[in-house]
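Numbers 1 to 440, taken from full-length UniProt numbering, label the letters of the sequence shown in order.
What the hints contain is simulated information worked out from the structure, not anything from laboratory work.
Each residue gets a CB set at the ideal place from its N, CA and C atoms; glycine is no exception.
Mixed in with the good hints, there may be bad ones.
Said to hold, decoys possible - Simulated DEER-style distance windows between Cβ atoms:
#1 Lys328 x Thr225: 35 to 43 angstroms
#2 Arg233 x Ile273: 38 to 46 angstroms
#3 Cys314 x Arg388: 24 to 32 angstroms
#4 Asp276 x Glu299: 22 to 30 angstroms
#5 Arg264 x Leu389: 28 to 36 angstroms
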Amino acid sequence: MVLEYEVEEREIVRRGSEGDTKEAFDFSSKVTFYKKNAKETQSLLSQVSSSQITPSQDCKEIVESQCKYSLESDSDSENASISPGKYDISSYSFQLDPGQSKKQNIKRTYFACQKNPEQLKTSNLNEHITSILEVLEKNSHSQGEKWRAFAYGKAIRVLKNAKFKVNSVEDAKKLHGIGLKIQEKIQEILETGQLRRVQLESSDERTVTFNLFSQVFGAGPATVTKWYSQGFRTLEDLKQKAKLTYQQEIGLAYYEELQQKIPREEVTQIGKIVSDTAIAIVPGLKVVVCGSYRRGRQECGDVDILMTHKKTNCLTDLLPRIIQELEKVHFLTDHLTKIENTDKYMGVCQRAPGMPHRRIDIKLFPRHEWACALLYFTGSGHFNRSIRLWARKLSMSLSEHALVRRYSETEKGEPVPVKSEQEIFQVLGLKYQAPEQRDI
1 MVLEYEVEER EIVRRGSEGD TKEAFDFSSK VTFYKKNAKE TQSLLSQVSS
51 SQITPSQDCK EIVESQCKYS LESDSDSENA SISPGKYDIS SYSFQLDPGQ
101 SKKQNIKRTY FACQKNPEQL KTSNLNEHIT SILEVLEKNS HSQGEKWRAF
151 AYGKAIRVLK NAKFKVNSVE DAKKLHGIGL KIQEKIQEIL ETGQLRRVQL
201 ESSDERTVTF NLFSQVFGAG PATVTKWYSQ GFRTLEDLKQ KAKLTYQQEI
251 GLAYYEELQQ KIPREEVTQI GKIVSDTAIA IVPGLKVVVC GSYRRGRQEC
301 GDVDILMTHK KTNCLTDLLP RIIQELEKVH FLTDHLTKIE NTDKYMGVCQ
351 RAPGMPHRRI DIKLFPRHEW ACALLYFTGS GHFNRSIRLW ARKLSMSLSE
401 HALVRRYSET EKGEPVPVKS EQEIFQVLGL KYQAPEQRDI
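Given the sequences, and given the hints that come with them, work out the whole structure.
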């Protein structure tokens, strides 16, 4: 690894001095820092500066201070600053300074995770097209055609974010991400106001059945296909004849209720019940409702709650205790995972008697994983894919557990210690996006 570092360090300086700043940037993003003291670090910074490659100020400060930081803090603020401590960032990626490369900055804005919030539309000018494509996306999902569904989803997002109404196939061609096959479907929609394939699928027994069965909790594409091949066509068929798992039995029992969207106010109330119960058991616990709720949606599909504590040992056996207390007050009605699990729970809750049953997930993360977990479980899925792709381009890997340096497809470094979502964006050289700006 040291040899790789020495070779690539020379390549940065050489290519930068030759004026090839893009190639220098590419090499600088691969540099692995194994510096033994601040003098060597300062030497590298001087060489990088002379080759017209300027690290971001945040990155520069981190390297100059030998990258040692503490994750432990008495502050619960997500904006709490890093303080000197025992943790060590053993590698880092340099970014071009915003003023150095206009081309690189433009590329950054191509990523969904860096879209200017002012550019995000509040209304869909192409509802006449997207509403029909959404039917195809749903049908593809239910039949396990994930890549076809992904293609439809991508086209739908592009059309929804378009600044103009698409009135012709020529208009559609102006949009990046709309392929030839999607263009053909758009043309048919514009000419006829409908799509023949959607009409055929709406009356197709297989498609209708797959859409019905795929909404049963715990039923994936393989299970749905098996049920269909066994001759089942209705939910009653499943209840009477199918061999079901416990999760599928629960999914069928509350099928209609679990299809309903949850009003934001109810999600708030559910979150408070869980939070009050958990904090009564372990004071100082941090509890956040994530998912579409945290992104500001007025309706949610389920309730996703994350918890952490600044003292990791406080999390030991905490989740089973919380579950037991919530079960005692009849808030949790059914378990979809074993209650002995120590870090993740999936179940069904009911805020009050007579109210609909709702899906709820509760997850515990140690404090050093909190920032990455909060970012990941806030979403959206599209935003997460975008920021993970950006991280990969910097030879890093971002998951719900950590942000780490990638040396190769199989070899990774130690996690970069980040205490907040803001710091993740800083490390990646990205402008911070608030949760509501990630609802894309």
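Comparing the hints with the structure gives:
With their beta carbons about 41 angstroms apart, Lys328 and Thr225 fall inside the hinted range of 35 to 43 angstroms. For Arg233 paired with Ile273, a C-beta distance near 39 angstroms keeps the hint of 38 to 46 angstroms intact. Between Cys314 and Arg388 the Cβ separation comes to about 30 angstroms, which falls inside the hinted range of 24 to 32 angstroms. At about 24 angstroms, the beta-carbon gap between Asp276 and Glu299 stays in the expected band of 22 to 30 angstroms.
In this structure, Arg264 and Leu389 meet the distance hint of 28 to 36 angstroms, their C-beta atoms being roughly 30 angstroms apart.
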